[in-house]
Amino acid sequence: GPKVLQIPSHQIIDMGQMVTLNCDPVSNHLYFYWYKQILGQQMEFLVNFYNGKVMEKSKLFKDQFSVERPDGSYFTLKIQPTALEDSAVYFCASSFDGDSYEQYFGPGTRLTVL
Amino acid sequence: AQSVTQPDARVTVSEGASLQLRCKYSSSVTPYLFWYVQYPRQGLQLLLKYYSGDPVVQGVNGFEAEFSKSNSSFHLRKASVHWSDSAVYFCAVSMEGGADRLTFGKGTQLIIQP
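Heads up: the protein sequence lines correspond to chains A and B, in order. Residues 41 to 154 in the working numbering are what the first sequence lists, from first letter to last. Residues 67 to 180 in the working numbering are what the second sequence lists, from first letter to last.
Hints are computed from structural coordinates only; laboratory data are not their basis. The beta carbon of each residue, even a glycine, is placed where N, CA and C say it ideally should be. A hint or two may mislead.
Take a look, some chain A residues computed to stay more than 12 Å from chain B by CB distance [said to hold, decoys possible]:
#	residue
1	S49
2	M55
3	Q82
4	F85
5	L86
6	S98
7	E108
8	S135
9	S140
With the C-beta cut set under 8 Å, the calculated list includes, among others, these residues of chain A facing chain B [said to hold, decoys possible]:
#	residue
10	D64
11	V66
12	M83
13	F105
14	S106
15	P110
16	Y114
17	E142
18	Q143
19	P147
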C-alpha cells in the first residue's frame, strides 16, 4: 500500500539546538499531520496542514514548533530551540487522495534531547 | 473533548485462540472509530473503521470490531489468532472522519504464545 517515509529514524541532539524532522508523504495526498508519542503514553495530535497552511494545532504544538512543505517536497517539523520534554517519537501521517481520508502513517522518528 | 481508553496494556493469547481487545471512548457525539496496528519499526496500519450502519465491521486479516453506542465501546475481535498478529493495537476516534485529528488510546500489546 501507500507508504509514508520519515527521515531520520533516530535523532539525538543537545537541548537548545534546532532539529528538523522530515516526512515524505504519499505523493498525491493533500493533508499532512504530525503526532507525538512519549514512551508509554498515548500518541497525541500536534498539527495538521493543508494547502500550505496550518489548519489546526493542539496545545502541544508550542511556539518553538513550526511546519512547512516547500514546493511539494518533504513535510517538515522544526523545533527551535529543543527542550528535554521534546524527547518522544514523532509520527507523520498524510491523507486524502480525492477519495479516502484514511490517514497513512510513517514509522516515526525517535527524538532524544539530552 | 473526546478520549479513548484501552484498559489492557498487554494481552497474551495462544495461537489459534480467539481474541478480544477492548476500547471505550468518551465523546459528546458518536465519533468515527478506528483500529490501527503497529508492527515493530513500522508505521501504523489501518485495520478497520466505523462511521455508521451495521455495528459489526469487517477489517483486514480476519479482524472485526463491534460498535456499541450504549456502552461507548468499539472492541476488536478475531476468531483465531496467528503468530504474525503479534503487534501493538491502537484504537482511535475522530469527530468528523475527514481531515480531522485522531485521538488515540495508549495501545494494547498483543503477544501470541505458540
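Going down the list of hints, with the structure as the test:
The non-interface label for S49(A) is inconsistent with chain B: the shortest C-beta to C-beta separation is roughly 8 Å, within 12 Å. Separation of M55(A) from chain B is adequate, the least Cβ-Cβ distance of about 27 Å exceeding the 12 Å criterion. With 12 Å as the threshold on Cβ separation, the claim that Q82(A) sits away from chain B is violated: the shortest Cβ distance comes to roughly 5 Å. Distance to chain B contradicts F85(A) as a non-interface residue, since its nearest Cβ pair spans about 4 Å, not more than 12 Å.
Not every Cβ of chain B is farther than 12 Å from the Cβ of L86(A); the closest lies at roughly 9 Å, contradicting the non-interface assignment. Once the 12 Å rule is applied to beta carbons, S98(A) is inconsistent with being away from chain B; the minimum gap is 7 Å. Remark: the non-interface label on E108(A) is consistent with the geometry, its nearest Cβ contact in chain B lying 18 Å away (cut-off 12 Å). With a minimum CB-CB distance of about 6 Å to chain B, S135(A) fails to clear the 12 Å threshold, and the non-interface call is violated.
For S140(A), the non-interface assignment is contradicted: its Cβ lies about 10 Å from the closest Cβ of chain B, within the 12 Å cut-off. Hint status for D64(A): violated, given a least beta-carbon distance of 12 Å to chain B, over 8 Å. The beta carbon of V66(A) is not positioned within 8 Å of any beta carbon in chain B (closest approach about 11 Å), and the interface hint is therefore violated. Hint on M83(A) holds. Least Cβ distance to chain B is approximately 4 Å, under the 8 Å limit.
Restraint check, F105(A) versus chain B: the minimum CB separation of about 15 Å is more than 8 Å; hint violated. Because the beta carbon of S106(A) sits about 18 Å from the nearest beta carbon in chain B, more than 8 Å, this interface hint is broken. Using the Cβ-Cβ criterion of 8 Å, the hint placing P110(A) at the interface with chain B is not satisfied: the shortest such distance is roughly 21 Å. Given the 8 Å rule on beta carbons, the hint for Y114(A) is violated: about 16 Å separates it from the nearest Cβ of chain B.
Below 8 Å, beta-carbon pairs count as interface contacts, and E142(A) has one with chain B at about 6 Å; its hint therefore holds. For Q143(A), the interface hint holds, the least distance from its beta-carbon to any beta-carbon of chain B being 6 Å, beneath 8 Å. The beta carbon of P147(A) is positioned within 8 Å of a beta carbon in chain B (closest approach about 5 Å), and the interface hint is therefore held.
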